[in-house]
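Participant: Those protein sequences? They're chains A, B and C, same order as listed.
Everything in the first sequence is counted per our numbering, starting at 1036 for the first residue and increasing by one.
Everything in the second sequence is counted per our numbering, starting at 8 for the first residue and increasing by one.
Everything in the third sequence is counted per our numbering, starting at 1140 for the first residue and increasing by one.
The set of hints was computed from the structure by calculation and includes no laboratory data.
Just so you know, these numbers come straight off a predicted model, no measurement behind them.
All C-beta atoms in this analysis are idealised placements derived from N, C-alpha and C, irrespective of residue type, glycine included.
A hint or two may mislead.
Chain C stretches covered by chain A per the calculated footprint, using a threshold of three residues with CB under 8 Å from any CB of chain A [unchecked claim]: (1) 1491-1498; (2) 1508-1520.
Below, in silico cross-link-like pairs of lysine-lysine (BS3-like), each with a Cα-Cα straight-line distance of 25 Å or less [to be verified]: (3) A/K1281 / C/K1534; (4) C/K1468 / B/K232; (5) A/K1281 / C/K1521; (6) A/K1404 / A/K1046.
Have a look at the derived ranges for each label pair, beta carbon to beta carbon [claimed, not checked]: (7) A/V1332 / C/T1504: 28 to 34 Å; (8) C/Y1514 / B/D290: 48 to 54 Å; (9) A/P1373 / B/E235: 33 to 39 Å.
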Amino acid sequence: MSEVYRPIGGKLLTRHFYFMGVLVLIGAFFMARRFIFGIGDVANLSDGFPWGIWITYDVVTGTAIACGGYAMALLVYIFNRGQFHPMIRAALLTSVFGYTLAGLSIVIDVGRYWQLYNVFLPQYANLNSVMLEVALCVTLYTLVLWIELSPAILEAMKDNRHLRQVRHALFFFIGLGILLPTMHQSSLGSLLLIAGYKVHPLWQTNIIPLLFLLTAITMGYAMVVFESLYAAVNLDRPIETDLLSKISAIIPWLLILYLVLRISDLVWTGAIAALLKPGPEPLLFVLETALFLYAIVNLLHKERRIRPRVLFWTALATILGGSLYRFDAFLIAYNPGPGWQYFPGVGEILITLAIIAVEIMAYLFFVKKMPILLAARPARLGAKA
Amino acid sequence: MNIDRRAFFKIAAAGAATALCPAPAAARPPKELPPEAVGILYDATLCIGCKACEVACKAENDMPMAHDTPLERAHGVAGTWDADNDLNSRTMTKIKVYTSGTAAVKDREEDGFSFIKRSCMHCVDPNCISACPVSALTKDPFTGVVRYNPDACIGCRYCQLACPFNIPKFEYDKAFPKIVKCQLCPDRLAAGGIPACCDACPTGASLFGRLPDLLTEAHRRLTFKPGEQQQYPVRRLDGDEQRKAEVTGYHPKVYGETESGGTQYLMMAGVPFDKLGLPPVGDTSRAQLSETIQHTLYQGMVAPTLLLGGLVFAVYRRTHAEQEDASEGEESTPEAREGRRDE
Amino acid sequence: MNRSAASRREPALGPYLSDQLDVYGISRRRFIEFALGITATLGLPLGMSGQVLAALEDTKARPTVIWLHFQECTGCTESLLRATHPTVETLLLDLISFDYSETLLAAAGHQAEQALHDSLDKNKGQFILVVEGSVPLRDGGIYCKIADKTPQQMLHEIAPHAAAAVAIGSCASWGGVQSAAPNPTGAVGLPEALRITGITKTDGTPLPVITLPGCPASPYNLLATVLYYLTLKKLPELDAKGRPRFAYGHLIHDHCERRPHFDAGRFAEQFGDAGHRQGWCLYKLGCKGPETWANCPAIEFGDVGANTWPVGIGHPCFGCAEQGVGFHKALHEQADVESVTPPSLFPEIITKHAGGVTVGAAAVTGAIAGGAVVYALGANEKLKQVEAESTAVAKSEAEEPK
Chain A
1036 MSEVYRPIGG KLLTRHFYFM GVLVLIGAFF MARRFIFGIG DVANLSDGFP
1086 WGIWITYDVV TGTAIACGGY AMALLVYIFN RGQFHPMIRA ALLTSVFGYT
1136 LAGLSIVIDV GRYWQLYNVF LPQYANLNSV MLEVALCVTL YTLVLWIELS
1186 PAILEAMKDN RHLRQVRHAL FFFIGLGILL PTMHQSSLGS LLLIAGYKVH
1236 PLWQTNIIPL LFLLTAITMG YAMVVFESLY AAVNLDRPIE TDLLSKISAI
1286 IPWLLILYLV LRISDLVWTG AIAALLKPGP EPLLFVLETA LFLYAIVNLL
1336 HKERRIRPRV LFWTALATIL GGSLYRFDAF LIAYNPGPGW QYFPGVGEIL
1386 ITLAIIAVEI MAYLFFVKKM PILLAARPAR LGAKA
Chain B
8 MNIDRRAFFK IAAAGAATAL CPAPAAARPP KELPPEAVGI LYDATLCIGC
58 KACEVACKAE NDMPMAHDTP LERAHGVAGT WDADNDLNSR TMTKIKVYTS
108 GTAAVKDREE DGFSFIKRSC MHCVDPNCIS ACPVSALTKD PFTGVVRYNP
158 DACIGCRYCQ LACPFNIPKF EYDKAFPKIV KCQLCPDRLA AGGIPACCDA
208 CPTGASLFGR LPDLLTEAHR RLTFKPGEQQ QYPVRRLDGD EQRKAEVTGY
258 HPKVYGETES GGTQYLMMAG VPFDKLGLPP VGDTSRAQLS ETIQHTLYQG
308 MVAPTLLLGG LVFAVYRRTH AEQEDASEGE ESTPEAREGR RDE
Chain C
1140 MNRSAASRRE PALGPYLSDQ LDVYGISRRR FIEFALGITA TLGLPLGMSG
1190 QVLAALEDTK ARPTVIWLHF QECTGCTESL LRATHPTVET LLLDLISFDY
1240 SETLLAAAGH QAEQALHDSL DKNKGQFILV VEGSVPLRDG GIYCKIADKT
1290 PQQMLHEIAP HAAAAVAIGS CASWGGVQSA APNPTGAVGL PEALRITGIT
1340 KTDGTPLPVI TLPGCPASPY NLLATVLYYL TLKKLPELDA KGRPRFAYGH
1390 LIHDHCERRP HFDAGRFAEQ FGDAGHRQGW CLYKLGCKGP ETWANCPAIE
1440 FGDVGANTWP VGIGHPCFGC AEQGVGFHKA LHEQADVESV TPPSLFPEII
1490 TKHAGGVTVG AAAVTGAIAG GAVVYALGAN EKLKQVEAES TAVAKSEAEE
1540 PK
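Chain A on its own, in the form it takes in the complex (with noise of 0.2 Å):
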């Protein structure tokens, strides 16, 4: 651990800022009607639909796209390249406002959260659930990530005894760090098995958790990237454009290997002749493969990702198509029988509106006041290296 982390300092209360801080109230306004007047005076939850946005955007996505942190440490630790070491508290800090977030829309959307902690007591739990397993894991990687993100919080509070003994354990929570998402990860795809035919017949699958791992993966490095960029773009970091072309070169493999087994496994099981029937839902399975193919396409050829633009666009495409992939599957492609429709509520849009925003104002807060990006590195310096 031998790079430099700084906090970048400057001003937190900008108008950026203050435009998140808006978004928040409203939201924060639409949250309290919700726990006074019942999830459907803010919602358009129904019996068809029980699950909407809150779950398929601020959990399925939320935390697929909060898989930076997991993706990086994978990288590192697993595959050992050692050279992205720098990135990676950036990488877990956005995994820790996602899945933390998850976890407060969670109880947003959950009927009867003030017995939420029924799951973790022993005599409730249902083995056989797959929501069981999510929930488990899916609270205990939020804590994992609170401590592995700990030793910045710490160091910004120069608590060194605790630092010290947070980092002689941390081996073992960053290898936990690496299971569990793999764990919860797919199983957030197994989730629609037990929906058998409410789910089109092009996203249910039998292999449906390896495929929610493997765009959880890739949406992981699309967000490093596309959080790096942000950063540049916004925070007037230097771009890593070496270090984050890498990266990006990683993605394309990862999309080829999902759309490989997604279509084989299609063809297998012959549910590939839903493509020719009317409808969206062949539109959709095309407009998510395109999206994938145009990352593949460009980040294939090692000029073409070397620029940022094409990073940014690639990585754009890469998230969309992912978060496209669980919407179609969770939403819009799930189908619980004539007569059921869901379009999103007014509240429970600016609900999740204000839950992306106090990510990002949590991100601005923790990339100013903690030492979380590396001290000064320009682009131009890796370049040469």
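Assemble chains B and C onto chain A, guided by the hints.
Facilitator: Leaving out everything else, chains B and C in the frame of chain A:
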């Protein structure tokens, strides 16, 4: 290649082998019917659409009725009709009607109509029970009734997603909501009685009984010829109430006999069941598939434990080497050196 | 209106019915109301009430009626005569010329038989034959004899000369109580008896029979049938069982005042229980309304008034008017619900649920998407600048060593 990675792959491979090994990962067998399984046989050809079952259900379960203000104003009455148009958080059973063309003849597919009573199917192998993370939904070990425990429920609504029949309903309009579904009138059953809907049904269209007997009865009815006069039991199969009625002809299927691994709520009708809005569920429960896949991956937590061991070991080697490297400057892996060059 | 002094002196025998209203203590207004009511019963447009009124008033063309009593209890005649609805029986008796009726005839014995023969000779092919009671077919019909003649013999003599026949009451319509198992006399209704014995009009065409089942038949329906004929000079539209559609075109169930309770699933379970006292549906107590075709809910029963018809007073319909129901099914036995006309109150199989896109939600989504696009394009611009700078730097760096 370095030792860390090799070690990791070895362990990971062992884990994967354990996970994918077919011996411990055999498909979970379908659930068997509980010994004293009871259920309801709903015969749409006997149903006269009087909704007595709905009224009795609401009375028994203290459910409020829904008002249709314009309708009530038009008829100058109040509180006459229950205006709910589907199962919902205050309606656990509902008579719906299929109509086609002129809707002239009952129990006919073309230019006819048919009633259908929807409520919880009390599956033999219920998806909702498999889905529920906190065992709020349980299957009675004797009667097989799928029951709900609000004290356990966290309100995640995964049961709603899992149920192929869209049965569990949620009180979206309440600050402290519950899941609502038919529990086959547990208090009445405990007292040796029968569910309110069967008790109220004047024609025996909703018939309570032990499930094997109900199935036998259902198959007896399938042998009836249209136009015959036949005796039909009323209220409960093992009771002495009988009623003579003309057979109008059956669609040759007992819905629920095999659907989703079998259900304890059986249906018979004169028109095909897809017309009556019953979903195309297969003969096996999705819970079986879901649990097979999950338990294959997590059999005794062996694979995750092995994987964790491998991961922790790999991370330990990596971070340990790094720390030593940083403090003592000893030799380390080429990647680590390469990584250091960057700094 | 020819309200002559003469008619005042002879109040009972004025040429017009309206002349007699005073005698019966009926106001003109009530008479017109009655005419309107019966127009509605007939199923005629209210605009025709003038014609009905004219037919009511013009008693000159009174059809001749020969009224035969076979196996019966005379309940139909009694209910006709005992009707408390004022003037129905009076109107009826004034509308038709009772040339022969065993109950009403003042004459008796040979005198009565003579009246029958005289009327037959005089009105051949023009009179209306009214039959009350069933026809015994077993053992040559010896179970019922009038003037030493069995009903079959009487029908052979009289029926071929009638213009039309009216079978009043369930006995005459389909056998009634006598036809209930084991039916010792082989009782059948008039249409069946005519068919079996092969009696037709003299010219060989079948004798039209209007059946007015009911036990007893509603006198109102008889009056309405007669008025229909007098007004329109033709027989009313009949159903397959010979019943006038205007009176028997609907199930009792369909017009029952308790129908909303049926639709809402509220049933009296026992006589005297809470539901029964609140006037709930009597189906579970064995009401045969769902399989009995009659207009009792509309005109009530026996013309007694004051909502007195069986269901109105809390007794399940007995199905007296319906062949195979009344006297055939047990009182408590539940009816077959014949026409469960799906009311609009039933939800359809597929229920349209709320939850679709709203303008607000679409606007918010649009704003977010727009914001994201604007941000992405902005970021793209900045990255473009950075790219341009770095390529310039790279170029200069590449040139430097040279």
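Participant: Give a verdict on every hint.
Facilitator: Consistency of the hints with the structure:
1. 1491-1498: Contact hint for the stretch 1491-1498 of chain C vs chain A: holds, 7 residues under 8 Å.
2. 1508-1520: Contact hint for the stretch 1508-1520 of chain C vs chain A: holds, 4 residues under 8 Å.
3. A/K1281 / C/K1534: Holds, because 22 Å separates the two Cα atoms, which is no more than 25 Å.
4. C/K1468 / B/K232: 22 Å, holds
5. A/K1281 / C/K1521: Given pair A/K1281, C/K1521 holds - Cα atoms ~22 Å apart, limit 25 Å.
6. A/K1404 / A/K1046: Given that 25 Å is the threshold and the Cα spacing comes to 10 Å, the pair holds.
7. A/V1332 / C/T1504: 28 to 34 Å: About 29 Å separates the Cβ atoms of A/V1332 and C/T1504, which means 28 to 34 Å holds.
8. C/Y1514 / B/D290: 48 to 54 Å: Holds - the Cβ-Cβ distance for C/Y1514 and B/D290, about 51 Å, lies within 48 to 54 Å.
9. A/P1373 / B/E235: 33 to 39 Å: 36 Å, holds
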